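Undergrad: Taken in sequence, the protein lines are chains A and U.
Following our numbering, the numbering of the first sequence begins with 410 at its first residue and continues without gaps.
Following our numbering, the numbering of the second sequence begins with 410 at its first residue and continues without gaps.
Everything labelled a hint here was simulated from the structure, so no lab data went into it.
Heads up, some of the hints might be wrong.
Because identical chains cannot be distinguished in the list, a pair is counted as satisfied if it fits within a single copy or across any two copies.
Derived lysine-lysine pairs resembling DSBU-like cross-links, with alpha carbons at most 30 angstroms apart [as the list claims (entries may be wrong)]:
no.	residue 1	residue 2
1	K592	K613
2	K451	K470
3	K439	K451
4	K549	K469
5	K592	K439
Bear in mind the structure is a predicted one, so any value in this text is a computation, not a measurement.
Letter by letter, the chains look like this.
2 protein chains.
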Amino acid sequence: MDQNKIPQATAKRLPLYYRFLNNLNQQGKKRVSSKELSEAVKVDSATIRRDFSYFGALGKKGYGYNVEYLLGFFRSTLDQNEVTEVALIGVGNLGTAFLNYNFMKNNNIRITMAFDADREKVGTDIGGIPVYHVDDLDEKLNHIKVAILTIPAIEADSIANKLVEKGITGILNFTPARITVPKAIRVHHIDLAVELQALVYFLKHYSLDK
Amino acid sequence: MDQNKIPQATAKRLPLYYRFLNNLNQQGKKRVSSKELSEAVKVDSATIRRDFSYFGALGKKGYGYNVEYLLGFFRSTLDQNEVTEVALIGVGNLGTAFLNYNFMKNNNIRITMAFDADREKVGTDIGGIPVYHVDDLDEKLNHIKVAILTIPAIEADSIANKLVEKGITGILNFTPARITVPKAIRVHHIDLAVELQALVYFLKHYSLDK
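Construct the entire structure; sequences and hints are all you get.
TA: Listed below in structure tokens is the structure:
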């Protein structure tokens with residue numbers, strides 16, 4: 410299967426499906442209907458069936474989907490057999506939340522190092538992850554391709570430049586700054602203020618009562 | 410203008426536009442082209458022009474958009490003249506990050522109270538916001554309609570139920586749990602693990618080099 414054929418909207422939902430199926434499997438469940446899946450992941454079941462159809466017809470009417478089979482399928486699709494190492498830049502409250510969050514529980518992404526400018530934090534371990542000084546990015550980063558930015562907005566561009574120079578190809582940007590990087594670098598931007606503002610706007614203007 | 414006519418995808422970008430225009434205005438800039446806007450907010454300029462067209466033709470060829478006019482327009486569209494109060498439930502690292510983040514700088518959303526189960530935190534102020542015990546939700550919440558959930562996943566459903574009973578209509582859910590609430594309640598779900606996994610997946614399967 411050519412995975413480039415999966416629509417991006419579908420691809421975005423894969424990690425969500427994967428995690429829920431993993432939970433089901435751990436609970437010993439053998440099969441799941443698209444309706445159950447729908448209720449659990451809050452995606453309508455028509456969308457789920459369409460998403461799954463991109464991988465071939467995996468479900469059976471009146472039976473649903475085989476959990477173990479689906480899980481194996483998603484595991485290989487999401488490259489869960491391969492660990493991706495991630496660097497976290499900025500060990501403030503948000504960064505610390507990431508370090509303490511156990512990403513490994515359901516997927517093979519691991520924050521393996523963190524960086525901060527605060528000498529008090531440098532040399533410590535948070536959630537088992539060593540904190541280095543941000544001046545040592547160049548020396549420590551090595552083969553890592555993915556970084557999480559949880560630094561003050563004002564430092565975002567200069568740090569992003571350093572990361573790109575060092576070979577980072579993907580950045581999860583939690584600063585309010587829209588960083589400028591070469592086109593080939595993928596930046597996903599999550600702005601907490603914008604998310605909150607969007608929720609408030611939708612509450613006021615889009616009723617969910619139908 | 411009937412704001413229900415704005416597509417939801419456009420509506421989601423409004424806070425982003427608003428914040429950038431606010432910055433421009435503070436810098437004393439009088440006008441902005443869709444190209445400049447595009448580079449700053451990382452949305453392609455065709456999309457920006459289409460988005461803006463829903464509000465009527467606000468731009469002029471060769472001149473661009475009038476910053477002050479746009480800003481006034483967005484301010485009223487986003488109800489920036491009205492303050493929305495928000496409650497934050499769960500004062501861990503992520504919750505503390507929210508409390509220290511100055512939402513008021515660019516918009517009229519204000520976290521006015523926080524709740525936690527930890528007696529050591531109850532009674533303190535974080536970022537100027539009082540922390541109450543989660544058992545006092547019922548007494549303290551009053552007229553607040555929006556809540557941010559930064560609690561452990563295992564508590565998400567029971568807290569969400571309490572919030573809904575108390576009249577909350579919008580929840581920004583940062584727990585990995587998909588909470589179950591009545592249909593009329595709007596839940597925006599941000600799962601940090603899923604965001605990270607999606608970035609890694611996109612990096613592997615969708616090249617940005619064209």
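Undergrad: Hint by hint, note whether the structure agrees.
TA: Hint check:
no., hint, result
1, K592 x K613, "between (36 angstroms within a copy, 16 angstroms between copies)"
2, K451 x K470, "within (21 angstroms within a copy, 43 angstroms between copies)"
3, K439 x K451, "within (21 angstroms within a copy, 44 angstroms between copies)"
4, K549 x K469, "neither (50 angstroms within a copy, 50 angstroms between copies)"
5, K592 x K439, "between (44 angstroms within a copy, 29 angstroms between copies)"
Consistency with the previously given hints fails for number 4 only.
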